[in-house]
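Student: Okay, here's what each chain looks like letter by letter:
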Amino acid sequence: MTSHVTLRNIVVAALLIMLALMPLYGAWIGNNFVLILFTRIVILAIAAVSLNLIMGYGGMVSFGHAAYLGIGGYVVGILAYEGVPSGFVQWPVALIVSGLFALLIGALSLRTRGVYFIMITLAFAQMLYYVAVSLSRYGADDGLTIYRRSQFAGLVNLSDKVVFYYLCLALLLLVILFVWRVVNSRFGMVIRGAKSNERRMRAIGFPTFRYRLACFTISGVICGLAGALLANHTEFVSPADMHWTRSGDLIIMVVLGGMGSLFGPVIGAVAFLLLEEGLSRLTEYWQIIFGPLLLAIVLYARGGIEGLLAGGKRG
Amino acid sequence: MVLFIEQCLNGLQFGLLLFLLAAGLTLVFGIMDLVNLAHGSLYMLGAYFAATFAALTGSFVLGAVLALVATLVVGMAVEVIAIRRLYGRDHLDHVLGTFGLILFFNELVRLVWGPAGRTLPLPDWLSTSVQIFPGVYYPTYRFTIIFVALAVALALYFVVMRTRIGMLVRAGASNREMIGALGINIKLLYTFVFGAGAALAGLAGLMQTPILTASIGMGENILIVAFVVIIIGGIGSIRGAFVASIFVGLVDTVGRAFLPTLLKLFLTPAAASAAGAALSSMLIYLLMAIILIVRPEGLFPAANR
Numbered sequence: 001m002t003s004h005v006t007l008r009n010i011v012v013a014a015l016l017i018m019l020a021l022m023p024l025y026g027a028w029i030g031n032n033f034v035l036i037l038f039t040r041i042v043i044l045a046i047a048a049v050s051l052n053l054i055m056g057y058g059g060m061v062s063f064g065h066a067a068y069l070g071i072g073g074y075v076v077g078i079l080a081y082e083g084v085p086s087g088f089v090q091w092p093v094a095l096i097v098s099g100l101f102a103l104l105i106g107a108l109s110l111r112t113r114g115v116y117f118i119m120i121t122l123a124f125a126q127m128l129y130y131v132a133v134s135l136s137r138y139g140a141d142d143g144l145t146i147y148r149r150s151q152f153a154g155l156v157n158l159s160d161k162v163v164f165y166y167l168c169l170a171l172l173l174l175v176i177l178f179v180w181r182v183v184n185s186r187f188g189m190v191i192r193g194a195k196s197n198e199r200r201m202r203a204i205g206f207p208t209f210r211y212r213l214a215c216f217t218i219s220g221v222i223c224g225l226a227g228a229l230l231a232n233h234t235e236f237v238s239p240a241d242m243h244w245t246r247s248g249d250l251i252i253m254v255v256l257g258g259m260g261s262l263f264g265p266v267i268g269a270v271a272f273l274l275l276e277e278g279l280s281r282l283t284e285y286w287q288i289i290f291g292p293l294l295l296a297i298v299l300y301a302r303g304g305i306e307g308l309l310a311g312g313k314r315g
Numbered sequence: 001m002v003l004f005i006e007q008c009l010n011g012l013q014f015g016l017l018l019f020l021l022a023a024g025l026t027l028v029f030g031i032m033d034l035v036n037l038a039h040g041s042l043y044m045l046g047a048y049f050a051a052t053f054a055a056l057t058g059s060f061v062l063g064a065v066l067a068l069v070a071t072l073v074v075g076m077a078v079e080v081i082a083i084r085r086l087y088g089r090d091h092l093d094h095v096l097g098t099f100g101l102i103l104f105f106n107e108l109v110r111l112v113w114g115p116a117g118r119t120l121p122l123p124d125w126l127s128t129s130v131q132i133f134p135g136v137y138y139p140t141y142r143f144t145i146i147f148v149a150l151a152v153a154l155a156l157y158f159v160v161m162r163t164r165i166g167m168l169v170r171a172g173a174s175n176r177e178m179i180g181a182l183g184i185n186i187k188l189l190y191t192f193v194f195g196a197g198a199a200l201a202g203l204a205g206l207m208q209t210p211i212l213t214a215s216i217g218m219g220e221n222i223l224i225v226a227f228v229v230i231i232i233g234g235i236g237s238i239r240g241a242f243v244a245s246i247f248v249g250l251v252d253t254v255g256r257a258f259l260p261t262l263l264k265l266f267l268t269p270a271a272a273s274a275a276g277a278a279l280s281s282m283l284i285y286l287l288m289a290i291i292l293i294v295r296p297e298g299l300f301p302a303a304n305r
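In the order they appear, the protein sequences are chains A and B.
So in the working numbering, the last one in the first sequence is 315, and the numbering has no gaps at all.
So in the working numbering, the last one in the second sequence is 305, and the numbering has no gaps at all.
Just so you know, not all the hints are guaranteed correct.
What follows is a list of derived Cβ distance ranges for each label pair [stated by the list, open to error]:
1. A/L299 with B/L62: 34 to 44 Å
2. B/Q131 with A/S280: 52 to 62 Å
3. A/R181 with B/K264: 49 to 59 Å
4. B/H91 with A/G278: 23 to 33 Å
5. A/A14 with B/Y87: 36 to 46 Å
6. B/R295 with A/R200: 23 to 33 Å
7. A/I17 with B/A171: 57 to 67 Å
8. A/V84 with B/G117: 40 to 50 Å
9. A/L37 with B/Y87: 37 to 47 Å
10. B/M161 with A/F187: 47 to 57 Å
In short, the hints are calculated from the structure, not lab data.
A virtual CB, placed ideally from N, CA and C, is assigned to each residue, including glycine.
Build the full structure now, drawing on both the sequences and the hints.
Tutor: Pasting the structure below:
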């Protein structure tokens with residue numbers, strides 16, 4: 001039996017405690033900015049966890065995951081615009097619609113492999129991007145402002161920044177718990193088996209296509225949830241939410257943190273967004289540093305931050 | 001009818017321009033098995049170099065030649081410094097690493113040339129029109145693009161199929177270890193192929209600049225279209241890239257010109273123009289999705305892959 005007190009676990013625990021205490025720190029320095037930044041980090045961490053489910057555990061590199069972020073956001077935005085402010089309607093619809101899109105896109109894309117899969121998911125995301133651009137009733141290119149955050153009949157008040165932050169954090173933990181249960185279930189074993197040797201999984205009788213499709217759809221639903229949260233956070237949705245560079249950002253978060261590990265995407269999201277924030281204060285031209293840094297991470301830190309902490313034991 | 005011919009020529013011209021980009025992309029993928037998202041950055045650099053050199057020398061042609069040489073050098077330098085280390089890695093690593101290069105080059109251009117775009121004025125002898133049918137004129141410059149791109153395509157065909165270097169390139173595409181074992185300097189070959197691809201991208205970029213302008217991020221949108229082209233054509237196949245790029249160029253241009261009008265037959269004018277704009281932007285992605293669903297490896301899958 002190995003010890004649970006490893007550098008990696010200490011860092012993860014410290015990160016969780018830090019996330020839990022963030023609103024106190026914000027209140028202490030009397031500045032809302034930290035809380036707003038961290039709400040965004042937590043929401044994008046949910047999206048990164050969902051991408052990690054298919055990419056890290058299932059080997060399906062989706063270069064169009066921002067599409068579900070956009071779909072979830074647009075469902076909330078459009079329902080709010082059409083006079084349905086209730087979160088009890090908005091959120092389930094957001095999850096269902098992103099799930100349906102993921103089911104359809106997955107059913108078509110999973111017929112291809114490797115770089116073809118990367119590109120076909122990108123193509124579908126681009127299509128949805130252009131659909132969003134053409135929604136002239138809902139702001140088209142300029143995006144859609146949401147005047148009221150989702151209403152939960154007085155149960156939770158999303159306009160309270162601290163309440164909203166804790167809601168997002170709770171959902172992030174729930175999602176991680178869910179992913180943990182999924183990947184360690186029989187279903188998750190099949191998904192991971194199909195990643196390392198799909199032929200063999202098929203040969204021993206698993207219909208891998210259906211398993212992968214189910215996994216892809218689950219991931220889309222979770223990312224749709226992140227989209228609904230993000231729309232509530234920024235009180236705004238625009239086609240830019242589904243731009244392909246946003247999908248690239250999500251992939252970076254997952255790889256930066258560590259693919260195929262439970263907390264890796266969270267570490268990645270925190271590191272990516274803090275790095276972005278820090279570098280952009282350092283210089284206006286922050287990407288000139290960030291670009292080569294990304295290349296260096298790809299070249300020299302294969303397992304991401306998670307892998308470095310675990311001492312390179314993971315592959 | 002006149003409009004239709006004009007749009008078809010525009011489509012052909014756009015398609016050939018796409019071919020210049022897609023050829024480099026598909027060569028690099030076929031031979032080095034590398035997904036290079038930063039190819040669009042070289043396209044952008046070609047455009048900026050041409051604008052600067054043309055302004056410095058006062059000659060369009062001289063500026064273009066200097067820009068080609070500069071992109072070739074930059075391409076080879078990028079290969080030696082960064083890209084070389086990505087060979088043999090996972091495709092995901094390629095996507096991420098070259099995404100990093102895109103960020104770097106975009107910021108570099110912003111730093112060197114500033115956020116405003118650059119224009120590249122045409123010399124007088126190119127800014128005329130040619131009469132193609134009685135009463136129908138077409139810009140000389142667009143014809144020049146068509147001729148230059150066709151000439152490059154032919155030259156590329158000749159080099160790849162008829163010369164010793166082309167033979168090595170083809171051999172490298174089908175069995176990398178083997179030609180290395182036969183004593184070919186494979187590193188040099190890779191640097192050369194990458195540089196040539198970069199120069200082709202630069203050529204596409206500089207030829208596009210007089211029509212649009214050189215701007216930051218110009219490479220990214222067209223890069224995704226070029227990827228659509230090589231996916232449709234089958235990755236690694238130059239013939240596939242040629243057929244697919246003309247196909248995509250025509251579908252995109254003609255679709256944008258006529259879909260809104262076509263939709264007006266069924267929809268109200270306002271709905272038709274909105275739906276038409278969305279549908280024509282989506283058309284090539286739709287095409288690619290359909291082709292991949294029917295033929296998951298593209299139209300002309302390269303052998304041995």
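Student: Does the beta carbon distance between B/R295 and A/R200 stay inside 23 to 33 Å, or does it fall outside?
Tutor: Holds: the Cβ-Cβ distance is about 26 Å, inside 23 to 33 Å.
Student: Please check whether A/L37 and B/Y87 have a Cβ separation lying inside 37 to 47 Å.
Tutor: holds (38 Å)
Student: Given the hint of 47 to 57 Å, check if B/M161 and A/F187 actually sit that far apart at their C-beta atoms.
Tutor: holds (51 Å)
Student: Does the hinted range 57 to 67 Å hold for A/I17 and B/A171 at CB?
Tutor: holds (58 Å)
Student: Please test the hint of 23 to 33 Å on the beta carbon pair from B/H91 and A/G278.
Tutor: holds (30 Å)
Student: Is it true that the C-beta distance of B/Q131 to A/S280 lies inside 52 to 62 Å, as the hint says?
Tutor: Since the Cβ atoms of B/Q131 and A/S280 sit about 54 Å apart, the hinted range of 52 to 62 Å holds.
Student: When you take the CB atoms of A/R181 and B/K264, is the distance between them in 49 to 59 Å?
Tutor: holds (53 Å)
Student: Does the Cβ-Cβ separation between A/L299 and B/L62 fall within 34 to 44 Å?
Tutor: Holds, at about 39 Å.
Student: Do the Cβ positions of A/V84 and B/G117 conform to the proposed distance bound of 40 to 50 Å?
Tutor: Given range 40 to 50 Å: holds, Cβ gap about 43 Å.
Student: State, for the Cβ atoms of A/A14 and B/Y87, whether the hinted interval 36 to 46 Å holds or is violated.
Tutor: holds (38 Å)
Taken one by one, the earlier hints all hold for this structure without exception.
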